[in-house]
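Whenever a hint applies, use it, and build me the whole structure from the sequences.
Residue numbers (the UniProt record's numbering), protein chains in the order written: chain B, 1 to 186; chain L, 1 to 985; chain G, 1 to 92.
Read the hints as simulated data drawn from the structure, not as lab findings. Hints are not guaranteed to be accurate.
Covered stretches of chain G, going by a simulated chain L footprint (3 or more residues, C-beta under 8 angstroms) [said to hold, decoys possible]: (1) 1-10; (2) 32-45; (3) 58-72.
Below are the SDA-like pairs computed for lysine to any residue, each with C-alpha atoms no more than 25 angstroms apart in a straight line [stated by the list, open to error]: (4) L:K876 - L:R690; (5) L:K269 - B:P19; (6) L:K281 - B:R113; (7) L:K789 - B:R31; (8) G:K15 - B:H124; (9) L:K896 - L:R631; (10) L:K960 - L:Q902; (11) L:K421 - G:H75; (12) L:K677 - L:A868; (13) L:K269 - L:D158; (14) L:K269 - B:H26; (15) L:K945 - L:A849; (16) G:K15 - L:A591; (17) L:K916 - L:R948; (18) L:K785 - L:A773; (19) G:K15 - L:G720; (20) L:K281 - B:T132; (21) L:K269 - B:P16; (22) L:K605 - L:L788.
We treat Cβ as the ideally placed atom computed from N, Cα and C, and that holds for glycine.
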Amino acid sequence: MTMPYISRHPLENRLPLEPGIRAVDHMDVPRGTAIATVMAMDGEDAAVAAGLAVAGDMSLRFVAPGEWLAVSQSDTPEGLCRNLSLLLAETASVFDQSDGRVVLRLSGPNVRRILAKGIGIDLHPAVFEIGTSSNVLCGHISINLARTGENEFELIVMRSFAESLFDDLRLMGREFDLSADFSAQG
Amino acid sequence: MTAYRLTSGGLVDRGANLDFKFDGKTLTGLSGDTLASALLANDRLLVGRSFKYHRPRGIVTAGASEPNALVTIGKGASTDPNTKATVAELYAGLDARSQNRWPSLKYDFGAVNGLLSPFLGAGFYYKTFMWPAAFWEKVYEPIIRRAAGLGRVVLERDPEAYEKCWAHCDLLVVGSGPTGLMAALVAGRAGLRVILADEDFRLGGSLLAETTRIDGVSAQAFAEASLAELRSLPNVTIMPRTTVFGWYDDNVFGAVERVQKHVAMPQAKLPVERLWRIAAKRALLATGAEERPLVFGGNDKPGVMMAGAMRTYANRFGVAAGRSVAIFSNGSAGYQAAHDLAAQGVEIAAIIDSRSDVADVAPAGVRLIQSGSVIDTQGRQRVSGIVVERSGFEETIACDAIGMSGGWNPVIHLACQRGAKAVWSPELQTFLAPDVGNGLVVAGSAAGRYTLVGCLADGAQKAAAIAADLGFSAPAEAMPVVEEDIDPSFTALWYSPGAKAKAFIDFQNDVHVRDIGLALREGFGHVEHAKRYTTNGMATDQGKLSGINATGLLAAMQGISPADVGTTTFRPFYTPVTLGALAGTSRDEHAAPVRKSPLHGWAQKNGAVFVDSGLWYRPAYFARSGEKTWRESTDREVRNVRENVGLCDVSTLGKIEIFGPDAAEFLNRIYCNAFLKLPVGKARYGLMLREDGMVYDDGTTSRLSSEHFFMTTTTALAGGVMSHMEYCAQVLWPDLRVRFCSSTDQWAQMAIAGPKARLVVQALVEDDISDAAFPFLAAGIVALKGGLKARLFRISFSGELAYELAVPAGSGEAVADAIMEEGRAHGICAYGLEALNVLRMEKGHVTHAEFDGRVTPDDAGFGRMVSAQKPDFIGKRLSTRYGLTAADRMQMVGLKPVEADQHIRAGAHLLREGAKPSTLNDQGYVSSACFSPTLGHDIALAFLKSGRERYGERIVVWDKLAGADVVAEVCNPVFVDPGNAKLNV
Amino acid sequence: MASLIHCPHCGVRPKEEFSIRGDASLVRPDPEASDEAWHDYVHIRSNPRGRYREHWQHVAGCRRWLVVERDTFTHEVFSVTDGAATAREAGR
Ligand SMILES: [Zn+2]
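Right, dumping it as structure tokens:
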């Protein structure tokens, strides 16, 4: 038998399939983001960082010294891993995490105040600058947090925690009527 | 009528009447009132009863130090006991009840304790209720509790919402009086990120009760203008209704914001309280000073109030505490109150000053008695006069309220919360904050600078210094001009001599002067001992008014300096914080995250009944219609796996991808068995030890390529094993070229087990998985029909022909659906944790029920797996030590009941037949037990002394909890297919 | 215990992000070392008042093992360094 195996997003129980009404503070959940763990081999941290810096079509999230998440909206998981492996060759190990991680994008004027209910780091733009990313604790759950704009953040969470994090964020955002839906672009 | 609303003045909105209830009676206050000011405006002086003697007590203060006016606010589940009326913001519909009285506030049964007071001295409880011990719990305590209860805790579920939040700033200013406002202004203008927090709902602190003018406007207008400027600064955050209650390491402050405590109907989308953790580079304590009560005979009657509180009620709330007020003072502040009250038309009956040759001037026409002492008060439920003694002559002066002013206690709690002790200032006759470094600076009257000019200047100056220290430049600014300013100096008076009635120190806990004396005589003179012996300062107000007076008295009674007595220990919280606020959102489904498997939806569709497994929800069993118990479902699932095939979700196993040229060497060091030569395409069972030689965890690790391994751990220890491996790689062997990451969430992993497993799996997989092509312990990447790449492992926990299939998590549910669809013809069923557990017990496989931290590999029958060749691995050295290799160690065996219908439960102990149950006779214990549907009777895994030599022996399974002893036969722990014939097909 | 820890890789973080293992001065003995050496390494711990070097893992952050040098009495943290770097320097 031949099966096209349909891929499920873990928040399908939480979100309508069609976009709804956006509030000023909004959580946007992209589907089909390609994500890979990149781990530099011993002594290759700088070389890998340099290689990744010039790689197009992806953004990088800092995880640990010599470890990143590479994130791409346009590439497929296989494509991303293939490109990274070609680029980095023997200097790094690459592992596909596209199914194991879930991306949540928060934007709006009150997003900092919403996130401060769960995240202990100083989110002032002069401290946690645009383009910065790091693993942090949000409530009880460890996430990767990236600042993608003055009032825009991207959260990457392990799949099994996605529903709980989503519920926590909805509660944190209740004060500001935070809305949420899947990204329109797919 | 005595207390009343003045016809004009105050920061209350006289057009906005607010109806509220007190003890069921509807009263009216004004917007801007506290509950206390509204009660006073309604002449409700009597607001509570004291803890021990149930004496009538009235409002004493206008703030957070209030010992008496504790009320219960709210109804049903939203009830808040022990709320201070002096800080409770009035709102329409507020429903408050007095506490600690029965049957009513006016006629209190417990007041009979007052008649017994000669017997209720300090230490009374300790001395009286000592014997017999059994009486304490059953007789004494319930009676004491019923009589003495404060507000009652509500046992219903709290319907309100709470939350926590972090904040960060350069400067946290605590208190918004003159000092705090100036500090915030200076720091805010210099560009610092400032948080200005104040517990009051209206900011301005003492300025709100000030009558002097600043920069040509009223003190209130000055405060308003300052706040307006602060609000306009984007770098300044103003937090009203926020009590900073604790100072913690690294300058993190705890604060609670009462977001919706002042509204009748809280909005659902907002919390009622918000707990803040404020990480402040610097903090400035501008918490002001607390007026010190005077300790004189009869000082606890309703109508006796702090003089400053009277001033606040008059100036801020437009309420007079009485029509004829006597002032008892040892300093200038009492005169200030007299002037302000007189200006509002209140008669001042007299000013009694403990000092002589006083420079302070009484209001025109007011009698001033110098070197006087108040020795008693008249009146029962409220003051009707005072008895004054001077030079041996007594005199009674009629009045309906008494304002007392005994000097100042700077509010330094926060500065003393991290171990540093308050420092006695002989000049100021008070305790000041110790030097606690530059993280926390105390300013204004909290630092003993009581004048308004001094406060403004100190706030500005210290804020400027902080700004400069943090690299900001604060321009020098002209200070606001204060028109009239007094220096409220005083001469300490710890005890007004000649008392003819009890002179109270702690109003809430009914501690009076004689109690302190008794404590001293009985050897409890150390300030911490005296506190506990007398209970002084142990009430809900934590001795805010009474603590320093107790110190002063202990010093005076011994003829030593208060410096030598010291203060009791200051600890968080400054004022009580609700448990709701401390819990925040961490309750109900938000108390801990729930982890869901990618096959959760599949399990739900198949009727799973879930069970908590750590943070995970896992299917315990899959109920089918007609099945009434978990056992029926489990037995069916087990039989079906043994006879046909079953599908089980094993996605929760910890999964780790291990890469690098030294990956094999790394595995070789963390497992006790050999991994260096594991061929590519093979899986191997691995056993991890702790360094002490005991088993830590087990799992399988497969070699996917020469430098890529895939490890699984148990669900329970997935996190622990990851941390352990990180420790080994980073700290023990940093030079090994190995990297790894968790892939637990990337894979949906399914066990397909049973004699028909291959038929089902082969139908989905392109690759040949015949026994020849894919034998037992084969591992590799396969393609599912349709193109999806998957990982396939031929491993078995059940003892049946079995595969574990891992696919990207998103596709997991679809693949599981396809397996069920494909397996239908072969009688497939979904099976859960219960069946998984029975299957593994039948096969004699171990879990953490066996590996409980006391078990060596050999105990569990894995002795031969431990590599003797490897030069080193975690646990190697100590696994050979004396005791871990002893012949009489408990070894894993199987047990089956001699009578087939008898049951064995885990936790039972093993005894020789006829032996008395005792630790000495203990032969071992049962680690796992179940009913085996395959064998038709109970089976168990157990650890038994020298167990492997004792197969066939009869042993007593002693189970005190179940109440029945069962005789069992010791046997090989592998009950099903000991020859592994089912595996290799 | 400190409220905030400055992770050398992630910056200032609340202590809830960390887990503590204990004494960082212990050096894993050689497999052939004496019983006493191994007994000390595995079982014997001091509980000093004052300066102490501990292994903390930044579990909710970079997951690196760190050496935190702190005062168990004043709670002051003197330094936080990467555990691997420290181990390498010590020549382990
Ligand atoms: Zn870190």
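Hint check results:
1. 1-10: With 4 residues closer than 8 angstroms to chain L, the segment 1-10 of chain G meets the three-residue bar; holds.
2. 32-45: holds (count 6)
3. 58-72: holds (count 4)
4. L:K876 - L:R690: Holds - the C-alpha atoms of R690 of chain L and K876 of chain L are around 9 angstroms apart, at most 25 angstroms.
5. L:K269 - B:P19: This hinted pair holds, its Cα atoms lying about 23 angstroms apart.
6. L:K281 - B:R113: With Cα atoms ~20 angstroms apart, K281 of chain L and R113 of chain B stay inside 25 angstroms; holds.
7. L:K789 - B:R31: Satisfied, since the Cα-Cα distance of roughly 20 angstroms is no more than 25 angstroms.
8. G:K15 - B:H124: holds (20 angstroms)
9. L:K896 - L:R631: holds (19 angstroms)
10. L:K960 - L:Q902: Within the cut-off at roughly 15 angstroms; holds.
11. L:K421 - G:H75: holds (17 angstroms)
12. L:K677 - L:A868: Holds. K677 of chain L to A868 of chain L sits at ~15 angstroms (cutoff 25 angstroms).
13. L:K269 - L:D158: holds (16 angstroms)
14. L:K269 - B:H26: holds (16 angstroms)
15. L:K945 - L:A849: Since the Cα atoms of K945 of chain L and A849 of chain L sit roughly 18 angstroms apart, the hinted pair holds (cutoff 25 angstroms).
16. G:K15 - L:A591: Holds - the C-alpha atoms of A591 of chain L and K15 of chain G are around 19 angstroms apart, at most 25 angstroms.
17. L:K916 - L:R948: This hinted pair holds, its Cα atoms lying about 23 angstroms apart.
18. L:K785 - L:A773: holds (18 angstroms)
19. G:K15 - L:G720: holds (19 angstroms)
20. L:K281 - B:T132: holds (22 angstroms)
21. L:K269 - B:P16: holds (22 angstroms)
22. L:K605 - L:L788: holds (23 angstroms)
Every hint from the earlier list agrees with this structure, and none is contradicted.
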